[in-house]
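K.L.:
Sequence:
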Amino acid sequence: MNLVSKNGLTCALAVIKIKSDKVLASTSECKNKQLLSKGTILTDGGREPMAHDDVNDKWRIAIGVGQATSGRANFESVKASNGTNSIDAKMEMQFNNATVFAIEVRQLPTDSWGFLAGINYELARKITGGSITVNNVKTKLSGGSDSIQFTTLYASAAYRWETLYLPFGLNHSLVKYKTNGTLIPKVEGVIGEQVGIGWTLSREFAVEIHSWINGFKLSSTNSGTSIDTGVGYIPSLLLVGKYVF
Numbered sequence: 008m009n010l011v012s013k014n015g016l017t018c019a020l021a022v023i024k025i026k027s028d029k030v031l032a033s034t035s036e037c038k039n040k041q042l043l044s045k046g047t048i049l050t051d052g053g054r055e056p057m058a059h060d061d062v063n064d065k066w067r068i069a070i071g072v073g074q075a076t077s078g079r080a081n082f083e084s085v086k087a088s089n090g091t092n093s094i095d096a097k098m099e100m101q102f103n104n105a106t107v108f109a110i111e112v113r114q115l116p117t118d119s120w121g122f123l124a125g126i127n128y129e130l131a132r133k134i135t136g137g138s139i140t141v142n143n144v145k146t147k148l149s150g151g152s153d154s155i156q157f158t159t160l161y162a163s164a165a166y167r168w169e170t171l172y173l174p175f176g177l178n179h180s181l182v183k184y185k186t187n188g189t190l191i192p193k194v195e196g197v198i199g200e201q202v203g204i205g206w207t208l209s210r211e212f213a214v215e216i217h218s219w220i221n222g223f224k225l226s227s228t229n230s231g232t233s234i235d236t237g238v239g240y241i242p243s244l245l246l247v248g249k250y251v252f
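With the sequence shown counted from 1, adding 7 to any position gets you the working numbering.
Keep in mind that the hints were calculated from the coordinates and are not lab data. For every residue, glycine included, the Cβ atom is placed at its ideal position computed from N, Cα and C. Accuracy of the hints is not assured; some may be wrong.
Said to hold, decoys possible - Label pairs and their calculated CB-CB ranges: (1) 64 with 189: 43 to 53 Å; (2) 209 with 150: 38 to 48 Å; (3) 232 with 138: 11 to 21 Å; (4) 138 with 248: 31 to 41 Å; (5) 116 with 86: 40 to 50 Å; (6) 166 with 91: 49 to 59 Å; (7) 232 with 62: 50 to 60 Å; (8) 86 with 252: 40 to 50 Å.
Unchecked claim - SDA-like mimics (lysine to any residue), calculated; alpha carbons at most 25 Å apart, straight line: (9) 133 with 149; (10) 193 with 226; (11) 193 with 130; (12) 86 with 143; (13) 183 with 79; (14) 133 with 184; (15) 193 with 182; (16) 65 with 176; (17) 147 with 96; (18) 65 with 173; (19) 147 with 185; (20) 65 with 117; (21) 185 with 195; (22) 65 with 224; (23) 145 with 92; (24) 147 with 78; (25) 183 with 246; (26) 224 with 94; (27) 147 with 234; (28) 86 with 227; (29) 185 with 197; (30) 183 with 224; (31) 147 with 189; (32) 133 with 146; (33) 97 with 140; (34) 193 with 177; (35) 147 with 135; (36) 97 with 147; (37) 65 with 121.
All chains, please: the whole structure from these sequences, using the hints.
P.N.:
In structure tokens:
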């Protein structure tokens, strides 16, 4: 970009970034810097093609690692039947924390709406205990060697300012549940949700904290007795650091 004063002097500016109606430019190539004194009237003396170098406008790939806090899932519509009799119950499962690995694509332009989508892979969580309530009588359960593992697909809209952004969206989990080392085949993930806050620490690094809810239901049959838990949700806090390519 070339700026021209009324007396014909020119000043070449190297455009670094364009944001709305403002232009950030370098004066390193300007030989007549006196033109830039306060109060001087300047006109645009002609523009060369300008590169828009805001990397946040581009689609980028990010990888991350983090920690999901321990939590509990409540199942309000548990049904058990032995073929002759059936009962309705409520059940609670308690889980320990889990390490989470993430890969995602993101586009987060400054002062605008953006988008994030990816996969979270959790290491297996141990079932630490729980309870079952039948006819208002609660019985405690031990976790034994049971474990659960989530692979979660997620998509979030996000609004970003300079360094702060607020993502929120939906997720769906692929769930593996093991009891005594045996995989229960009838486990189904359902739609969950997430909302969070993120900070861009630099061009390559970001930190996020989310309120994350995974949903699932399971059913099993053992010795002629079938159990269907209905849908339960696990709320947890997810803290994750990300490297953005």
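K.L.:
Decide, hint by hint, whether the structure agrees.
P.N.:
Here is what the structure says about each hint:
Between residue 64 and residue 189 the beta carbons are some 50 Å apart, a value that agrees with the proposed interval 43 to 53 Å. For the pair residue 209 and residue 150, the beta carbons lie near 41 Å from each other, so the given range of 38 to 48 Å is met. A C-beta distance of roughly 19 Å is found between residue 232 and residue 138, which places it inside the suggested range of 11 to 21 Å. Between residue 138 and residue 248 the CB atoms are about 35 Å apart, so this pair conforms to the stated range of 31 to 41 Å.
Distance hint check for residue 116 and residue 86: the Cβ-Cβ separation is about 49 Å, which falls inside the suggested range of 40 to 50 Å. Distance hint for residue 166 and residue 91: a CB-CB separation of about 56 Å, consistent with the stated range 49 to 59 Å. Judged by the Cβ atoms, the range 50 to 60 Å given for residue 232 and residue 62 holds: they are separated by roughly 58 Å. The supplied range of 40 to 50 Å is met by residue 86 and residue 252, whose beta-carbon atoms lie about 48 Å from each other.
For the hint linking residue 133 to residue 149, the alpha-carbon distance of about 11 Å falls within 25 Å, and the restraint holds. For the suggested pair residue 193 and residue 226, the alpha carbons sit about 6 Å apart, so the restraint of at most 25 Å is met. Between residue 193 and residue 130, the direct Cα distance comes to roughly 20 Å. Compliance with the 25 Å bound is thereby established for this hinted pair. Only pairs whose Cα atoms come within 25 Å are accepted, and residue 86 paired with residue 143 is accepted, the gap being roughly 15 Å.
For the hint linking residue 183 to residue 79, the alpha-carbon distance of about 17 Å falls within 25 Å, and the restraint holds. Of the supplied pair hints, the one linking residue 133 and residue 184 holds, its CA atoms being roughly 10 Å apart against a limit of 25 Å. Distance hint between residue 193 and residue 182 is fulfilled; the C-alpha atoms sit about 10 Å from each other, no more than 25 Å. Note on residue 65 and residue 176: the hinted pairing holds, with a Cα-Cα distance of about 21 Å set against a maximum of 25 Å.
Taking the CA atoms of residue 147 and residue 96, the gap is about 13 Å. The hint holds against a cut of 25 Å. At most 25 Å may separate the alpha-carbon atoms for a hinted pair to count; residue 65 and residue 173 meet this at roughly 18 Å. Simply put, residue 147 and residue 185 have alpha-carbon atoms about 20 Å apart, close enough for the 25 Å limit, and the pair holds. Restraint check for residue 65 and residue 117: the C-alpha separation of about 11 Å stays at or below 25 Å, so the hint holds.
Restraint check: the Cα-Cα separation between residue 185 and residue 195 comes to about 13 Å, which is no more than 25 Å; the hinted pair holds. For the proposed pair residue 65 and residue 224, the alpha carbon gap of about 38 Å is over 25 Å, so the pair is violated. Our distance criterion of 25 Å between C-alpha atoms is met by residue 145 and residue 92, whose separation comes to about 20 Å. Note on residue 147 and residue 78: the hinted pairing holds, with a Cα-Cα distance of about 17 Å set against a maximum of 25 Å.
At roughly 22 Å between alpha-carbon atoms, residue 183 and residue 246 fall within 25 Å of each other, so this suggested pair holds. Using a Cα cut-off of 25 Å, the hinted pair residue 224 and residue 94 holds, with the two alpha carbons roughly 18 Å apart. In summary, the hint linking residue 147 to residue 234 is supported, as the alpha carbons are separated by about 17 Å, within the 25 Å threshold. Between residue 86 and residue 227 the alpha-carbon distance is near 11 Å, which keeps this suggested pair within the 25 Å criterion.
Simply put, residue 185 and residue 197 have alpha-carbon atoms about 18 Å apart, close enough for the 25 Å limit, and the pair holds. Of the supplied pair hints, the one linking residue 183 and residue 224 holds, its CA atoms being roughly 11 Å apart against a limit of 25 Å. A threshold of 25 Å between alpha carbons decides the hint, and for residue 147 with residue 189 the separation of about 22 Å falls inside it, so the pair holds. A threshold of 25 Å between alpha carbons decides the hint, and for residue 133 with residue 146 the separation of about 20 Å falls inside it, so the pair holds.
For the hint pairing residue 97 with residue 140, the CA-to-CA distance comes to about 5 Å; that is within 25 Å, so the pair holds. For the proposed pair residue 193 and residue 177, the alpha carbon gap of about 23 Å is at most 25 Å, so the pair holds. Taking the CA atoms of residue 147 and residue 135, the gap is about 11 Å. The hint holds against a cut of 25 Å. A hinted pair counts as satisfied when its Cα atoms are at most 25 Å apart, and residue 97 with residue 147 qualifies at roughly 12 Å.
For the hint linking residue 65 to residue 121, the alpha-carbon distance of about 10 Å falls within 25 Å, and the restraint holds.
In this structure, the one hint that does not hold is number 22.
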